[in-house]
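There are 2 protein chains.
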Amino acid sequence: MDFADGTALPRFAPVVLAGGSGTRFWPRSRRAHAKQVLALDGENTMIQQTLQRLLPVAKAKDVWVVTNKLLAEVIAGQLPQIAREKILAEPVARNTAPACALAAFLLEPAAPETVIGVFPSDHVVGNPARFVEVLRAGIALAASGERIVVLGVPPTRAETGYGYIEVGAAAAPSGDVPVRRVKRFTEKPERARAEEFFASGNYAWNSGIFLWSARTLANAVREHCPAMVPLLERIAAAHASSPAQFARVFAEVYPQCENISIDYAVLEPRSAKGEAGSEIYCLPADFAWNDLGSWAALYQHRTDCTDRQTTPANVCDGASTQSVVIDAAGNYVYALGKIVALVGVNDLVVVETPDALLITTRERSQDVGKVVEELRARGRYDLI
Amino acid sequence: MDFADGTALPRFAPVVLAGGSGTRFWPRSRRAHAKQVLALDGENTMIQQTLQRLLPVAKAKDVWVVTNKLLAEVIAGQLPQIAREKILAEPVARNTAPACALAAFLLEPAAPETVIGVFPSDHVVGNPARFVEVLRAGIALAASGERIVVLGVPPTRAETGYGYIEVGAAAAPSGDVPVRRVKRFTEKPERARAEEFFASGNYAWNSGIFLWSARTLANAVREHCPAMVPLLERIAAAHASSPAQFARVFAEVYPQCENISIDYAVLEPRSAKGEAGSEIYCLPADFAWNDLGSWAALYQHRTDCTDRQTTPANVCDGASTQSVVIDAAGNYVYALGKIVALVGVNDLVVVETPDALLITTRERSQDVGKVVEELRARGRYDLI
Chain A
356 MDFADGTALP
366 RFAPVVLAGG
376 SGTRFWPRSR
386 RAHAKQVLAL
396 DGENTMIQQT
406 LQRLLPVAKA
416 KDVWVVTNKL
426 LAEVIAGQLP
436 QIAREKILAE
446 PVARNTAPAC
456 ALAAFLLEPA
466 APETVIGVFP
476 SDHVVGNPAR
486 FVEVLRAGIA
496 LAASGERIVV
506 LGVPPTRAET
516 GYGYIEVGAA
526 AAPSGDVPVR
536 RVKRFTEKPE
546 RARAEEFFAS
556 GNYAWNSGIF
566 LWSARTLANA
576 VREHCPAMVP
586 LLERIAAAHA
596 SSPAQFARVF
606 AEVYPQCENI
616 SIDYAVLEPR
626 SAKGEAGSEI
636 YCLPADFAWN
646 DLGSWAALYQ
656 HRTDCTDRQT
666 TPANVCDGAS
676 TQSVVIDAAG
686 NYVYALGKIV
696 ALVGVNDLVV
706 VETPDALLIT
716 TRERSQDVGK
726 VVEELRARGR
736 YDLI
Chain B
356 MDFADGTALP
366 RFAPVVLAGG
376 SGTRFWPRSR
386 RAHAKQVLAL
396 DGENTMIQQT
406 LQRLLPVAKA
416 KDVWVVTNKL
426 LAEVIAGQLP
436 QIAREKILAE
446 PVARNTAPAC
456 ALAAFLLEPA
466 APETVIGVFP
476 SDHVVGNPAR
486 FVEVLRAGIA
496 LAASGERIVV
506 LGVPPTRAET
516 GYGYIEVGAA
526 AAPSGDVPVR
536 RVKRFTEKPE
546 RARAEEFFAS
556 GNYAWNSGIF
566 LWSARTLANA
576 VREHCPAMVP
586 LLERIAAAHA
596 SSPAQFARVF
606 AEVYPQCENI
616 SIDYAVLEPR
626 SAKGEAGSEI
636 YCLPADFAWN
646 DLGSWAALYQ
656 HRTDCTDRQT
666 TPANVCDGAS
676 TQSVVIDAAG
686 NYVYALGKIV
696 ALVGVNDLVV
706 VETPDALLIT
716 TRERSQDVGK
726 VVEELRARGR
736 YDLI
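Chain order of the listed sequences is A and B. When we follow our numbering, the leftmost residue of the first sequence carries the number 356, and every step to the right adds one. When we follow our numbering, the leftmost residue of the second sequence carries the number 356, and every step to the right adds one.
Hint data in this document are derived by calculation from the structure and do not stem from the laboratory. Treat the hints with care, as some may be off.
No copy is singled out in the list; a pair is fine if it fits within one copy or between any two copies.
Quick list of in silico lysine-lysine cross-link-like pairs, DSS-like style, CA-CA up to 30 angstroms [what the hints assert, rightly or not]:
(1) 416 - 725
(2) 424 - 693
(3) 424 - 725
(4) 416 - 693
(5) 424 - 628
(6) 725 - 538
(7) 538 - 414
(8) 416 - 538
(9) 628 - 416
(10) 628 - 725
Keep in mind that this is a model prediction, so the values were computed, not measured.
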């Protein structure tokens, strides 16, 4: 496997994060059937799409998946290319830092130069070819020195729902991909700050995609999360010993790790060294990225793509036949193999499953979490 | 069977009209499953409710049903009390005049004093006890002389979708029910005229419920529709002969009858004699009548009733369990045994069946007919 410039690609180990609580796409998403394992956009599920995007660059045998017990078997069924033992089910959810750090401690002893990539499994990419270009450039950059590479999404609006990356000076491009140093990471901003960020042109959305060598990441954990180190070393030692030993120690020790995101645990403290000292680099995630955070985001993604089957501006998924549309626009409908008729309605979201029918608007679709809360309060675990 | 005042009730033969094209309640209503045979309001279908309302006054063996070939078997299954030969399937639809007139020509030879009542089968009545009171008063009035009794709905708004009855002088009450003479019948009015009618207090909506003796109706047909008389006499003679003979002649001759409503054919020309001479009387249909002309009308009827099971102002039929309602009001939903979640939506109509999902507003729900037209144009007879 080579770069366009002839450089050999280092060994690359993607860590696909597939936690997922399954509330944002209720009623299709459930605790045991979270967004990652749904085919929200096309034939393949989101985690299948995530793997497909990586396979031009990674070998399937090098891919890890970190998920939870509810989803592990479903994911194993959807990703037959991945060896079952590379699909780790966290005994309890511990956010992203322990999952990423564990990968580093597992790989570092035998192959410290391996580039680890962290990939959320619930995002979509409209331009997979560009994704591969940027990923290759990022791997090349992360392969030397103690560099940390983050992919930053060029913002298209003053979104308040994402963390932002403030970029600094331009560095040498990696292949054809431009590179900027990172000044700092910021939390989800208030409206006014989001407007400033968007206007300045010096901020990107944090995609949650990171690249670093196993050594770099392990060292960063040693520096910024020392309490986690002995725990991870015990788990890695058990992994080297036997599958049974690993299962026992992982279940016992992993829950003791701090419940913290990799951003908080490593990236923010590292960025405090300043853009010249932190060795954090940002590459543009300019491959039509969308995190599909709500039914409205799915609608947006689908209408941005060119392969729409339905009347412009209405998206009807799952329908059995061409919809009947009379004075209707901007609607997202998921129907179970039936015809959809829209008359005089705009900007709605209607989703049916065998046991539920959600009716909301694109504007309010992020509030489906409240429906899940209500059902939990009623004890209706059969419906969530 | 006696009146409150001790007068014996004459023999009473209701003719239940159940034509129905099945477009207004699409996707629940279909050509072979029109509104009349749907349980839109409660456990029983509309034609079952129609029969139940009549049984305090009529014997089941005296009830006739006139319908079409698509609906006849469904109706026979829903009304096991009615002898199969009393359920007539028109070979072709001929509006209401031939159906009503045929009943008169069948009954007149043997029992000319029988009071025939004409009843649409797709209306709901919120106060069935009052319906019975008014019906008894109407039968008593229609039993003597050559009187024609119509039930007029006290209007609650300047509706442009109904025909109106202009009433004249008060006549002697029938029992406790007030009686007015009828001046004339008018077509569905334009908005300005509807406003005048509503403001004047002298107009009622035409309910389509009429009462007259077999002799009175047969004579009225002889007077106003002479061309129909020989046709009806041939059918009546065949009916007196044998079921096979009737089936043959009915199929051959009935289509030759004029395709016209009883209002146009008989009531309007009769009313031209003036309120003193026409012998047409109007009784108030003040029994919470609703013709359920659309999903919006069903919503209105359901929220007017007191037995709502759901959150005030939302009606969720067919749902498996209590709906989840967040900032939502005024919606009508029919869901197939599943939970309904409403978030931030108002005044919608959403109806699912195994093969279709309709999404519209209460305001636009009368336009579902356009969906049916579109499906017919596509040749999708499986869906209409």
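These are the hints, each one checked on the structure:
When the C-alpha separation of residue 416 and residue 725 is checked against a cutoff of 30 angstroms, the pair qualifies neither within a copy, at 40 angstroms, nor between copies, at 56 angstroms. Proximity of residue 424 to residue 693 under the C-alpha cut-off of 30 angstroms is restricted to the inter-copy arrangement: shortest distance 27 angstroms between copies versus 34 angstroms within a copy. Proximity of residue 424 to residue 725 under the C-alpha cut-off of 30 angstroms is restricted to the intra-copy arrangement: shortest distance 24 angstroms within a copy versus 50 angstroms between copies. Taking CA atoms no more than 30 angstroms apart as the test, residue 416 paired with residue 693 passes in neither setting, with 40 angstroms inside one copy and 42 angstroms between copies.
With identical chains, the CA atoms of residue 424 and residue 628 are never at most 30 angstroms apart, being 38 angstroms at best within one copy and 84 angstroms at best between copies. In the homo-oligomer, the alpha carbons of residue 725 and residue 538 never lie at most 30 angstroms apart, since the shortest distance is 36 angstroms inside one protomer and 59 angstroms across protomers. When the C-alpha separation of residue 538 and residue 414 is checked against a cutoff of 30 angstroms, the pair qualifies neither within a copy, at 33 angstroms, nor between copies, at 89 angstroms. For the identical chains of this complex, residue 416 and residue 538 are neighbours neither inside a copy (35 angstroms) nor across copies (90 angstroms), given an alpha-carbon limit of 30 angstroms.
Taking the closest pair of Cα atoms, residue 628 and residue 416 never come within 30 angstroms of each other, the shortest separation being 36 angstroms inside a single copy and 95 angstroms across copies. Proximity of residue 628 to residue 725 under the C-alpha cut-off of 30 angstroms is found in neither arrangement, the shortest distances being 40 angstroms within a copy and 66 angstroms between copies.
Of the numbered hints stated above, those contradicted by the structure are hints 1, 4, 5, 6, 7, 8, 9 and 10, listed in ascending order.
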